Amino acid sequence: MAAGLSATQTGPGDSTAGAAPVRRGNFPAAGILLLGLVVPLGLLTAWTVAALLGHLPEQILPPPWIVLDTLLDGIQDGSLLSSTMTSLERVAEGFAAGAAVGLVFGTAVGLSKTLREFVDPLFLALSQVPTLGWMPIVILIVGIDEGLKIIVIGWSAFIPVVLNTSQGVRDVPEAYVELGRVLSFSRWSKLTMIVLPSAVPSIFTGLREGLANGWQTLVAVELIASFEGLGYLMAYGRQLFQLELVLSAMIVVGLIGLVIHGLLTLAENRLQRWRPETSR
Amino acid sequence: MTGPVAISEQGRGQSHALEIADVSKRFSVAGRRVQALSHIRLAVDDGEFVSIVGASGCGKSTLLRLVLGLDTDYDGDIRVDGHRVERPGLDRSIVFQEHRLLPWLNVEANVAAALRQSGLGAAERGELVRDHLHLVGLDQFAKAYPAQLSGGMAQRVAIARALVTKPRFLLLDEPLGALDALTRLRLQDELQRIVRHEGTTAVLVTHDVDEAVYLGDRIVIMHPHPGRIATILPVTDAVSRDRSDPNFIRLRDEVLSWLGVSRTGIDADAELARRSA
Ligand SMILES: Nc1ncnc2c1ncn2[C@@H]1O[C@H](COP(=O)(O)OP(=O)(O)OP(=O)(O)O)[C@@H](O)[C@H]1O
Ligand SMILES: [Mg+2]
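Just so you know, the protein sequences line up as chains A and B, in that order. Sequential numbering from 1062 applies to the first sequence in the numbering used here. Sequential numbering from 250 applies to the second sequence in the numbering used here.
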């Protein structure tokens, strides 16, 4: 597994730069992955030992093997899978909408000082209100159907994407802006050749935060207004005191989060192949 | 303040390729006023090669920025063919003091970026880019990213980028400072060849007095606080082409003494004697 990961790191698209000296580090990636496993494995061991010794009342924290059983059952009978798909779809739609609008809006706000002066105070005020605070009003307007979930998830993803994108666009080094002027770049060339590439790290910070927000909001909105999905599963499990159900849903949410985070990092690294390897 | 040579430059009536007419530029740095340029007068004719030397901070880079049109907030006038420069244009290109390559584009794409507004077809652009990378000896590194280059290599890419548009005016801000002696000599000859061949009008800022004498048709010597032209020395053809020629060395020493490097004629003659011995 470790070898596979490091192989993808050295893989894409570098063959052309053969003449240039490029440092490679396979070991650190594998090392970091192993280090990242230490704490979870330690906790799992402690949990197992405590359960085996009977220190943990089952109603509070069921033993790991029961959670695993529940997980496998849920996968086999399809209930966990369908909940996961439902939730994934909601997050995907909400996040895609929020992030897309956020990217465009953030870029515009970053580029135009006038626009920024117009919308900044209002936007900052609005973004201070927790997403859950909006729910009653949004429910009044759109009801509690899918629309509600998409809007609320989208909004929670939108905010960090806008903030980080506009900051990244504003932070483009003056020297590069000047170069664009010297080369008589069109607005479009300036945007695509200078502004956006320079803002990539900020944009991805925004996307990561947006995605994390989206997941959190999903769980919250499903707790309140849904009869399916991982968040609903958690609420349901808690009400029935089936904590193994809550825990298995939590595990799925966590794992999906890890995978998506990994995909985002992969995409970012691909876009930033130009960075020296050591600073990645 | 300015030397009589500078004033007599100003032709009345006829317009020069590039004319810097009584240009002054102030900055305010930390609430204090800094006179970066004071009454700069310089007229450059088509195909001329002007070297500028002067101590650090005497406004050389600032002057090039004004000629580019990056900053139009100054007193006086900068004219190309009699028309005031309002903004940057593809007729004027620059090699900045630092290479300013876009880190997310590879070498090839960085050079090609200068041709984006050229209106040329893709094939033609590709060929121009290849030619110019070859010129600076970096064919092998077309796909490398700036972070994978040495400082001197990056600077050569920047030179290729400035030349690829075949600009009418080439502004060079210490372009060869980061290069090893051998590459520098080679590129000096290349620069000279290209500029001659294309009929380019060049303004070169350099700290290397040898380079200024070798490449320049005239040498503008600037003094700081405020940044101003101390004098302009002509370089006759006979002088400039041979670095060991006594006249070359004499002119170089004259430039050095204008720069305040204590080098009397006696020293120069002593060195000449030593060299010829
Ligand atoms: N953007 C700016 N804001 C404020 N002051 C500036 C700015 N640019 C230049 N200056 C000032 O103008 C003066 C001339 O600077 P400039 O960069 O033109 O010098 P230079 O002759 O190119 O020096 P060097 O040989 O070190 O490159 C300096 O005193 C500098 O502090
Ligand atoms: Mg300078």
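By construction, these hints were calculated from the structure, which means they are not laboratory data. Quantities reported herein were computed from a predicted structural model and do not represent experimental measurements. It is possible that some hints are incorrect.
Stated by the list, open to error - The calculated label-pair distances, taken between Cβ atoms and stated as ranges, are:
(1) G1315(A) to A371(B): 47 to 53 Å
(2) E376(B) to Q1333(A): 25 to 31 Å
(3) P1234(A) to V278(B): 16 to 22 Å
What the hints assert, rightly or not - Under 7 Å between C-beta atoms, here's a sample of chain B residues computed to sit facing chain A:
(4) L319
(5) R333
(6) A361
(7) A363
(8) R365
(9) L369
(10) G370
(11) Y394
Built from N, CA and C at the ideal position, the CB exists for glycine as well.
Assuming the hint says 16 to 22 Å, is it satisfied by the Cβ distance from P1234(A) to V278(B) or not?
20 Å Cβ-Cβ, so the 16 to 22 Å window holds.
Determine whether the Cβ-Cβ distance between E376(B) and Q1333(A) falls within the hinted range of 25 to 31 Å.
Since E376(B) and Q1333(A) have Cβ atoms about 30 Å apart, the given range 25 to 31 Å holds.
Residue hint A363(B), partner chain A, criterion CB-CB below 7 Å:
With a closest approach of 5 Å, the A363(B) hint holds.
Hold the hint about L319(B) up to the distance rule: shortest CB distance to chain A must be less than 7 Å.
Since the shortest Cβ distance to chain A is 6 Å, the answer is holds.
Could you check if R365(B) really has its C-beta closer than 7 Å to a C-beta on chain A?
Nearest chain A Cβ about 5 Å off; hint holds.
Measuring from the C-beta of G370(B) to each C-beta in chain A, is the shortest one below 7 Å?
17 Å, violated
Please verify that hint: L369(B), Cβ, nearest Cβ of chain A, below 7 Å or not.
14 Å, violated
Tell me if A361(B) is really an interface residue toward chain A, meaning its C-beta lies closer than 7 Å to one of theirs.
10 Å, violated
How about R333(B): closest beta carbon in chain A under 7 Å, or not?
Not OK, violated: R333(B) not within 7 Å of chain A, min 17 Å.
So, as I understand it, the hint says Y394(B) touches chain A; can you test that by seeing if any CB pair is closer than 7 Å?
OK, holds: Y394(B) within 7 Å of chain A, min 4 Å.
The hint says 47 to 53 Å between G1315(A) and A371(B); measuring C-beta to C-beta, is that right?
48 Å, holds
Of the hints listed earlier, those the structure fails to meet are numbers 5, 6, 9, 10, in rising order.
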